[in-house]
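Participant: For this one, chain A is given, so just place chains B and C on it according to the hints.
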Amino acid sequence: MEKIPNQKAWLLVLPVFAIVAFSAVIPLMTVVNYSVQDTFGNNKFFWNGVGWYQELLDPATELGGRFFASLWRNLAFSAIVLTIEIPLGILVALAMPREGWGVAFSLVVLALPLLIPWNVVGTIWQIFGRSDIGLMGWAINRLGFDYNYVANPIDAWLTIIVMDVWHWSSLVALLCYAGLKSIPDAYYQAASIDGASRWAVFKAIQLPKMRHVLVIAALLRFMDSFMIYTEPFVVTGGGPGNSTTFISIELVKLALGQFDLGKAAAMSLVYMLIIIIVCWVFFTVMTNAGQDRRPAGGEP
Amino acid sequence: MARIDLVELAHSYTGAADDPASFALKPTSMTWRQGGAYALLGPSGCGKTTLLNIISGIVKPSRGKVLFDGRDVMALTTQQRNIAQVFQFPVIYDTMTVGENLAFPLRNRGMPRAEIETRVRQIAELLDLVPHLGRKASRLTADAKQKISLGRGLVRADVAAVLFDEPLTVIDPALKWELRSKLKVLHRDLDLTMIYVTHDQTEALTFADTVVVMHEGSVVQTGTPEELFLRPDHTFVGYFIGSPGMNVLPAEVQGRQARIAGHVLRLDRTYCGLPAGARVELGIRPEFVRLAKPAPGLLGAKVERIDDLGRSRFAHVRVGDLRIAAGVPRGPAIGQEAALVFEPARIHVYADQRRVEGAA
Amino acid sequence: MMYALPGRRVVLGLFLVFLLLPIYWLLNMSFKTNVEITSTMSLWPQSPTLDNYRVIFTDPSWYTGYINSLTYVVLNTILSISFALPAAYAFSRYRFLGDKHLFFWLLSNRMAPAAVFALPFFNLYSAIGLFDTPWAVALAHCLFNIPLAVWILEGFISAVPREIDETAFLDGYSFPRFFIRILMPLIASGIGVAAFFCFMFSWVELLLARTLTSVNAKPIAATMTRTVSAAGMDWGVLAAAGVLTIVPGAIVIWYVRNYIARGFALGRV
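Residue numbers (the working numbering), protein chains in the order written: chain A, 1 to 300; chain B, 1 to 360; chain C, 1 to 269.
Quick caveat, the hints were computed from the structure, so don't treat them as lab data. Incorrect hints may have been included.
[As the list claims (entries may be wrong)] DSS-like cross-link-like pairs, simulated, lysine-lysine; straight-line CA separation at most 27 Å:
#1 A:Lys253 / A:Lys209
#2 A:Lys209 / B:Lys136
#3 A:Lys181 / B:Lys60
#4 B:Lys136 / A:Lys181
[Claimed, not checked] Derived Cβ-Cβ restraints for the label pairs, each shown as a range:
#5 C:Pro185 / A:Gly64: 54 to 60 Å
#6 A:Ile26 / C:His101: 15 to 21 Å
#7 A:Ser182 / C:Glu166: 26 to 32 Å
Where is the CB? At the ideal position from N, CA and C, for every residue including glycine.
Chain A with its partners taken away, still in its complex shape:
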């Protein structure tokens, strides 16, 4: 459908523009403003130029060290959960029943973790993983493994990864399920007539048709896992030591804990920039790879 050029359409967009600008631009200006100034309290600010940024991006300084350590942790975390959640989500979507009460039941259970407040998700796993009162922690210790997420960094990582998989794999599964539902029956009939194996059907039909939703799923999961704050904060508080301190946790510590506004602001901007750049690169690469999907003739 060809869109009509009409500048009056701005009137319809204006309210959204105003409210989002109010919520995004003004705070962002504040952040930029903080990031180039220093303060000794009492609302007295001094021009500091790019000083905070130099400190932040130099791993040798205290601030830079903290920033890069949490950045690597964040990248590792995002990579691990994406590697698990995307294939798992696809698998679960393929395993969904086609019809009957099982569909509604599965959908409701799948959506359940997505609607639990994030700190409650943390609380659930905080309890579930404890060896004294939690089923999982208790069971693992009964099996003879020494598991304690409060003291052991590896156990802490395992716990928050399992928690994230529990929390978000459903999102990938639901997106993929929506993608699978949009494939016309004729494709499966044709594949069956062509003698395709289960694997060939997945590779030749299901995966290509899911590509679009998989891009959305991977983007959402990258953004949200890279911004993660509440759940690990509730479960481990960033510990043991700093082993699960992600950038958001570091940032909140700096801004709301130490009121180091300049450092926090500089870190915020670099943090946002990383997210936007990664998403943009990812989005461009994925959509360009899928360019040949829309032919001139079009499909029904």
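Facilitator: This is chains B and C only, laid out in the frame that chain A set:
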């Protein structure tokens, strides 16, 4: 490569197997000869796609059996039945090239690489797809995509039958004609049993040696295009095939005489013992009705409309409440009075829509 | 049916059990006494009690948390949808100066980490006197919910043929009347889906909600983290409060279960 027998086949989508009114396909038995070119013709919703899907195994019928060369295939999957089917809308594998698409059915069956290559090339040549073989299939137009679908249906030489489900719906009219003739050539060259579902009589009559006409879930006539034209077994066949369709006129028939609109017509054959209470009609194709100058003893009519189809012309005339189409080489003017002359040998008598065979 | 995944029942069954088990454990704990929780490992309550729930429903500091949370979530959902609808219509139907850039700028706000905005929001809403009101949280959540709502609704509106608009205008409908009487009923399911997502993201978010409130508008989720540490780990009440935060989400899911698949396709797969 097989003879296909349908034995007492019936299907209901609602699953009410004992309620005949719910049947999408009413009990049907018939045989498809090995190597035949068949068309399954009928309007939308007459059950032709259901019948096709039962043969290929996509739909499990509520009742009856399908035999391939006498062997019951009801327990076999689509894949095991070794059928090829082409659907109404193009189904192509987006990520593969045109060549890979064509090779897909062969590869899945583990054919040696060299054989696949020759076979794919052969089919691509027949369908003019050679220049596209290396291109991504998803980049082509709808026409070309449907050619790929056709090609995938034809690429296997050993199939029991190739089924076409209105395959030319999305194709440009000019190309449609070309593809249809290609299919005809392919049928001759490949010696495959082909069943072609369509609602377009031209498509059916040009493609097939044998046309099967379906109406409201049952097969009403099977025959060559000529038989369907000259001796329609059912008023629906007369009306559906031919353009304009057959004139179907309510009549009273007694022995060798028929009375329509108060006028008595002589028939070529004797019709005795027509079922009592049945709706009796005469059927005659417009091609066998002539328009003449009004004369005593002839059925008078008034010309309402002239359709010039280029090769032939038809006048639509009015007799009382009846409308009749008749062939006219030239003339008459609209509104003019005329008379109708019927070719007695071409008049058929129908009781409750089925043709009644007269005695000599 | 054709091409079912081998062993799909096992895969799906295991995954659903994995999802339900931690929730079951919370539910299980919420019906136990603290003594039972800390002394024995029981798979179901040995002496079921409703005391934990009684605490929550009788103590105002608990149940007002629920009211506060629901207030700002509902406010945010209404705000987001009513602002997003006209914009989505504009993006779907018209081309105008900077439309594409505007759209991507809107979406880029979905990528902004809440942690970045926590402090500036605190300053901003304090300055305009909205701090510690549901409005502050509702407005703050608009930052990520409005872009999402615009995106979803744009997909649904684009699926409505433009001939319908044109016919309505020819029939003399004014723009607002067309919008409310004709367009909105046509995209009702899209509005439902968008509202579901707004509800979901506003309900689950805590960082901003906690930062922008202190006493009067404190959300239930924040109540949980504070009260519990003061009361010295009252596990039973904590579990009961947790279970109660799951309930609104579960109710919403139940009502939209038939739209979930379509909703996740965002109207544009």
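Participant: If a hint holds in the structure, say so; if it doesn't, say that too.
Facilitator: Each hint, compared with the structure:
Among the hinted pairs, A:Lys253 with A:Lys209 is inconsistent with the structure: their alpha-carbon atoms are about 44 Å apart, more than 27 Å. About 15 Å separates the Cα atoms of A:Lys209 and B:Lys136, which keeps this hinted pair within 27 Å; it holds. Taking the CA atoms of A:Lys181 and B:Lys60, the gap is about 23 Å. The hint holds against a cut of 27 Å. Simply put, B:Lys136 and A:Lys181 have alpha-carbon atoms about 24 Å apart, close enough for the 27 Å limit, and the pair holds.
For the hinted restraint 54 to 60 Å between C:Pro185 and A:Gly64, the CB-CB distance of approximately 57 Å keeps it satisfied. Between A:Ile26 and C:His101 the beta carbons are some 20 Å apart, a value that agrees with the proposed interval 15 to 21 Å. For the hinted restraint 26 to 32 Å between A:Ser182 and C:Glu166, the CB-CB distance of approximately 29 Å keeps it satisfied.
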